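Since the structure of chain P is provided, determine the placement of chains U, Z and G on it from the hints.
The chain contents come next:
4 protein chains.
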Amino acid sequence: MSSTWNNLGLHLSIFGESHGNGIGVVLDGIPGGTPINLDELNHFMQRRAPGHSSTSTRRKESDQPEILSGVLQQDGTPFAVACGTPIAAVIRNTDTHSADYEQMSTLARPGHGDYTGHLRYHGCNDPRGGGHFSARLTAPLVFAGGICKQLLALKGIRIGAHVLQIGSIQDTFFDPHSIPEVLFDTIAGKAFPVIDNDAGKQMITAIEDARLDQNSLGGIVECAVTGMPAGVGDPIFGGIENVISSAIFGIPAVKGVSFGAGFDFAEMTGAQANDPFYMDGDEIKTSTNNAGGILGGITTGMPVLVKAAFKPTPSISRPQHTVDFKNRTDAILEIKGRHDPCVVPRAVPCVEAAVAVAMASFLIHN
Amino acid sequence: MSSTWNNLGLHLSIFGESHGNGIGVVLDGIPGGTPINLDELNHFMQRRAPGHSSTSTRRKESDQPEILSGVLQQDGTPFAVACGTPIAAVIRNTDTHSADYEQMSTLARPGHGDYTGHLRYHGCNDPRGGGHFSARLTAPLVFAGGICKQLLALKGIRIGAHVLQIGSIQDTFFDPHSIPEVLFDTIAGKAFPVIDNDAGKQMITAIEDARLDQNSLGGIVECAVTGMPAGVGDPIFGGIENVISSAIFGIPAVKGVSFGAGFDFAEMTGAQANDPFYMDGDEIKTSTNNAGGILGGITTGMPVLVKAAFKPTPSISRPQHTVDFKNRTDAILEIKGRHDPCVVPRAVPCVEAAVAVAMASFLIHN
Amino acid sequence: MSSTWNNLGLHLSIFGESHGNGIGVVLDGIPGGTPINLDELNHFMQRRAPGHSSTSTRRKESDQPEILSGVLQQDGTPFAVACGTPIAAVIRNTDTHSADYEQMSTLARPGHGDYTGHLRYHGCNDPRGGGHFSARLTAPLVFAGGICKQLLALKGIRIGAHVLQIGSIQDTFFDPHSIPEVLFDTIAGKAFPVIDNDAGKQMITAIEDARLDQNSLGGIVECAVTGMPAGVGDPIFGGIENVISSAIFGIPAVKGVSFGAGFDFAEMTGAQANDPFYMDGDEIKTSTNNAGGILGGITTGMPVLVKAAFKPTPSISRPQHTVDFKNRTDAILEIKGRHDPCVVPRAVPCVEAAVAVAMASFLIHN
Amino acid sequence: MSSTWNNLGLHLSIFGESHGNGIGVVLDGIPGGTPINLDELNHFMQRRAPGHSSTSTRRKESDQPEILSGVLQQDGTPFAVACGTPIAAVIRNTDTHSADYEQMSTLARPGHGDYTGHLRYHGCNDPRGGGHFSARLTAPLVFAGGICKQLLALKGIRIGAHVLQIGSIQDTFFDPHSIPEVLFDTIAGKAFPVIDNDAGKQMITAIEDARLDQNSLGGIVECAVTGMPAGVGDPIFGGIENVISSAIFGIPAVKGVSFGAGFDFAEMTGAQANDPFYMDGDEIKTSTNNAGGILGGITTGMPVLVKAAFKPTPSISRPQHTVDFKNRTDAILEIKGRHDPCVVPRAVPCVEAAVAVAMASFLIHN
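First to last, the protein sequences are chains P, U, Z and G. With the first letter of the first sequence counted as 1, position 147 gets the number 147 in our numbering; the numbers rise by one all the way through. Heads up, our numbering is the position in the second sequence plus 1000, with the first residue counted as 1. Heads up, our numbering is the position in the third sequence plus 2000, with the first residue counted as 1. Heads up, our numbering is the position in the fourth sequence plus 3000, with the first residue counted as 1.
It is worth saying that the hints were derived from the structure and are not from the lab. Just to be clear, a hint being listed does not mean it is correct.
Using 20 Å as the maximum straight-line C-alpha spacing, the simulated SDA-like pairs for lysine to any residue come out as follows [unchecked claim]:
#1 G/3336 x Z/2276
#2 G/3201 x Z/2268
#3 P/326 x U/1231
#4 Z/2190 x Z/2326
#5 Z/2190 x Z/2172
#6 G/3285 x Z/2276
#7 G/3326 x Z/2326
#8 P/326 x G/3033
#9 Z/2201 x Z/2212
#10 P/155 x G/3283
#11 G/3326 x Z/2230
#12 U/1201 x P/267
#13 Z/2326 x G/3276
#14 U/1285 x P/321
#15 U/1326 x P/281
#16 U/1155 x U/1040
#17 U/1336 x U/1155
#18 Z/2285 x G/3185
#19 Z/2326 x G/3283
#20 U/1326 x Z/2033
#21 U/1155 x Z/2201
#22 G/3285 x Z/2283
#23 P/285 x U/1123
A partial selection of chain Z residues facing chain U, derived with a Cβ cut-off under 10 Å [stated by the list, open to error]:
#24 2022
#25 2072
#26 2081
#27 2090
Remember, it's a predicted structure, so these values are computed and weren't measured experimentally. We put the beta carbon where it would ideally sit given N, CA and C, even for glycine.
Same shape as in the complex, but just chain P (with noise of 0.2 Å):
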């Protein structure tokens, strides 16, 4: 429903403008008692954080959030504990070039939301830098799902995601099998977040090539959790499938969801695609993962594993032809502005944080 998410007791509702007074979230569910360093919440949204790396736009945020309710914090420390009352948070827009929007208040850019949008809200909404469609609104789920991380990680349950794709370039996949926490730690303190650095330096050489060719590019995020205690989930509507792409597909630019082998299974058979169950001492395992950790949409007990594919940057300097929606005539666009030439390496945390909404939203019994 619009610009909130719930499933069972956990809810999510994500509001503001790329150019208005601030942008936040309220996150109601989350168990009083709870514990939230603020120091790793922060380390996690300074990943999704813009200006950080060459291959990101040059809108420099901070994105520190102003936590308004539903935290205590202890003084001078990093340490702080939820209430179990709602969770808000505002972060506000600082570095805004509202003049580089003017001319587009006319003219729809291709790939972007401000035609549809107009249409949806009778011109009303708020165009200047996408307004509520924004890749901005993205940082509150960052803030929410970043202490829902946090709540799954007492648990034993760790959740990890890096560039699987970008153009042609692939990183090496997760281990479905198994996957160890460091590998997570490690892919987050890099810089690109990638398995493999090779695999890694290349991409970074083709955005670097299609941000001078005034170009942009798609890709892939592949995202694990690890931990996850078999048996959670909910049949038909409410599966794990179902409420993590319902959460996934709130990040724009995402137009693909799948778990385990995905699109592959087309080209596969039952007797490839079915996971052997096996004993591995007292604990019931499947030899393969095809499954993505899910079957019945209900956990198995393997490393969950989800796909998420992302459309290249809509928003590219040469010029493009479009139309002028309220003079309604053809009209030709070059969009000005800052933009990542591929959004990709910083929705790493944003699919993180969507996959922990849900997780968490499963295993939280107020």
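Frame of chain P; chains U, Z and G shown alone:
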């Protein structure tokens, strides 16, 4: 939330087990006065019903719904009208061979929800025929979707799907720019729902080969919505993508959902991916439709294009490694019973139904 | 949302019309393994069923639910177990006299939903017997509530209600401090559910007098929940009061809901109204219970006390002024058919059911 | 669900603690283009704000909301327009005397949510000033309701309320048949919101007497909605009564909600209670309005009439028996701090706001 689905004012609650007394649905929110042609509804349900072709299970079920409430029928005619109150329907299970499942009550069928369902429900779920996890539970979804399709057709909105891929054999894609209504009707009238009959014949052969080899095949269904007005949908979590995927992942065996170019966006540049707007008379269109008719979660007015990836039928008759999850020992399983060697052809109306329910939820104002 | 109700993980969807094929319910969220005694459930439903006493309608309905899904019964016994999947039940309409309603299809019965339903559903709702607005639709609610009552009883939580008032005759109040289980059983075993039999006799006489006078009576039901642990509920919109009232107002003819001292608070001072806390051994109790066991939307551990006000049965047989809402003329209506001269006695298990559903929703963690 | 509320497409999420950084709200679903007069909104909020009259707390708060998103204001004017995207606002807490609450962090204030909140949140909620349970949390509700009131006024729908009763002193009732707009304006303009100024004076005296006596008073607010079209609402759980009560019980201290004759129905007969329909020109009306403008959960077109019962302010300064819920001992509590001796006058705009949110949710079709 479990086996219920809702978006805005439309609500769906699916119930039943494969070998229980009956399966069914409550569909709440269809406006009073919506005409329902029961013959057309029945015809749509027969496209999903088993036993009609060489590629489906030999289980015979008439799949005749009894409408319990919410619809007033003109005696002796197929013409009925929605009352506006909840529409409930039950479909009896008749041709059940529960004995086929006795061995399985202790052995986990690989690729099925037996083990995860056993955990989720503390060993109390009905395992016969997969119980609530059975693909048979798509029959009530198709009933609900059939009503939504008729409601949408009144507004000039048409929904159609076809088997896009099985194994390595691919059908022709829908023209992303424009799809004539008659094509949907033509496909729906075919025993094997494809655009290109030659591709269809190869698919049938491949499925029959798989069956003879005690194996099964996966595939992809492509679905299109035409006639959608531009400007429908919501941002962030309420987008067309979120809502459609939350419904489609309710179909068993779906492991991926994408829109427009979907996962192919990974290898595209912004210059390729962006759909240029142009004026077509007084209408705003895009010359390509990589976005699948959706920008910012909101319709552009171009055809909405969705793909759903299906894993191969997990029930194959060759011996498989598995575990006895009660005795916690390794085991070999030989599945008896009657199973589709490929669920994809019968999944075509299921995808249409899920998409119809999702789209109708945006357009209903009671 | 319409005829569906949900809170946290418990979901209820009620369907049916009074003179249609059947009425029923889907109850989604009852944990797998919950024992269900079908005799006890049936006994609870019979407390609501018509035709059992002089004060009720002469319509005869066995009100025997057919359970369609979600429950596995041990053959030949009343013992059953919830599967964890949605529980669906249908109750057939058998003793329908639709001819009684023919005149009324154009005349609005005062106090009924005929006219408002006609507008709401664009004239397409089923008006026979009140259609979906009939008090008969409480039968599925009682079915769902009966299961929730059994689930709560396993946790030591008991729910009971009685007729507190009819006309100016008042029954004894529940002791707000402590209510023995046996009292609930005693009341439930009476043909007329009151604490004080003398008050009951006077009520029966008053109802009979009203009937002979072609009139009807309203009243109040008081309901109590004992054994609720302290600390259950949510703040603001998720409080016990909000959730219970959202369910009780689902019973036709309810026009007021209050908790503890309710509307009597208006004439109290803080010193009178506040319930002093005290230690009873190691337990925290309050010496009075004006709050009705709820503070800040959350249980105190004292009995939860709810009152529901019912309007008199609107169907009375004396001539009434009304309008023909199709022809838009004034008219005189003489209602035929069989109606309770007072719905309050049969409403007692309905209120218990609504409260049971609400309380169960807070305590279920699947 | 917790501190969030939604019905159909309108969603409200309230956050904050009385002595935290701020309190606020996200209101999601207001259609793009809805005009908002910020002066009028501010004026409405001031009717609730503390410190304006002798009967209210001496806590001074400007209650000036900062709008963070979803609204575009014309510079230098009070005229603004809703963007259609979520409207978020924060109100800072400034005049906090947290020291007043230190003793109380271990002693349960009778009639307050201290003890129940402590249990519910595992001792981690913010107890200062009642935290999230503070009546101060009605300020964001009034902000949201103020916007909904303006939206409804555009459709000719007006909402007004007054203090109906305090102690044994009763104001004049609204005329259930017809209420002129000007009456709402007149009441809203009074320092003490009653119809009958003499009754108001007596109420003020009674409140002052209670204050001097270290005591407090309860009361009843009556609210009316005029101009509602007939035929709005839903049956069973989606009725106007269910939805309004789910919102009103979100106001702290409300312990009862009724519609029309409410609890007085208990002593009425059907012949008295039924509202006869008649033709008033081409309009269908009822000559009485005991039903409070609602039949079958759906509006009749007559004024909607709601009453809400408030308990006396639990914070009284005389010594009270209670427990230390940490040390689990009996104790005597003397409450310091600044409290309204009667919350009812300031609750009047809160009830209007809750009703406005509920009614708007039925009328918004985005």
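- Message: Check the hint pairing residue 3326 of chain G with residue 2326 of chain Z against an upper bound of 20 Å on the C-alpha distance.
- Response: violated, 66 Å
- Item | Pairwise hint evaluation, residue 2212 of chain Z against residue 2201 of chain Z, where the allowed Cα distance is 20 Å at most | Holds: residue 2201 of chain Z and residue 2212 of chain Z sit about 17 Å apart, inside 20 Å.
- Query: Is the Cα-Cα distance between residue 3201 of chain G and residue 2268 of chain Z 20 Å or less?
  - Reply: holds, 19 Å
- Does the structure keep residue 155 of chain P and residue 3283 of chain G at a Cα separation of 20 Å or less? At roughly 63 Å apart (the allowed maximum being 20 Å), residue 3283 of chain G and residue 155 of chain P break the hint.
- Message: Just to be careful, I want the Cα atoms of residue 2190 of chain Z and residue 2172 of chain Z compared with a cutoff of 20 Å; is the pair within it?
- Response: holds, 15 Å
- Restraint check for residue 2326 of chain Z with residue 3276 of chain G, where alpha carbons must lie at most 20 Å apart: Holds. Residue 2326 of chain Z to residue 3276 of chain G sits at ~16 Å (cutoff 20 Å).
- Does residue 2090 of chain Z pass the interface check with chain U, least Cβ-Cβ distance below 10 Å? holds, 6 Å
- Query: Is residue 3285 of chain G close enough to residue 2283 of chain Z, meaning Cα to Cα at most 20 Å?
  - Reply: Violated, because 56 Å separates the two Cα atoms, which is more than 20 Å.
- Message: Can you confirm whether the C-alpha distance between residue 2285 of chain Z and residue 3185 of chain G stays at or below 20 Å?
- Response: violated, 46 Å
- Query: Would the pair residue 3326 of chain G and residue 2230 of chain Z pass a check requiring their Cα atoms to be no farther apart than 20 Å?
  - Reply: holds, 15 Å
- With a cut-off of 10 Å on the beta carbons, see whether residue 2072 of chain Z makes it to chain U. Where the cut-off is 10 Å and the nearest Cβ of chain U is about 6 Å from residue 2072 of chain Z, the hint holds.
- Message: Next item in the hint list is residue 2081 of chain Z. Is there a CB on chain U closer than 10 Å to its CB?
- Response: Holds, because the Cβ-Cβ distance from residue 2081 of chain Z to chain U comes to roughly 5 Å (cut-off 10 Å).
Checked against the numbered hints above, the structure violates hints 4, 6, 7, 10, 17, 18, 21 and 22; every other hint is satisfied.
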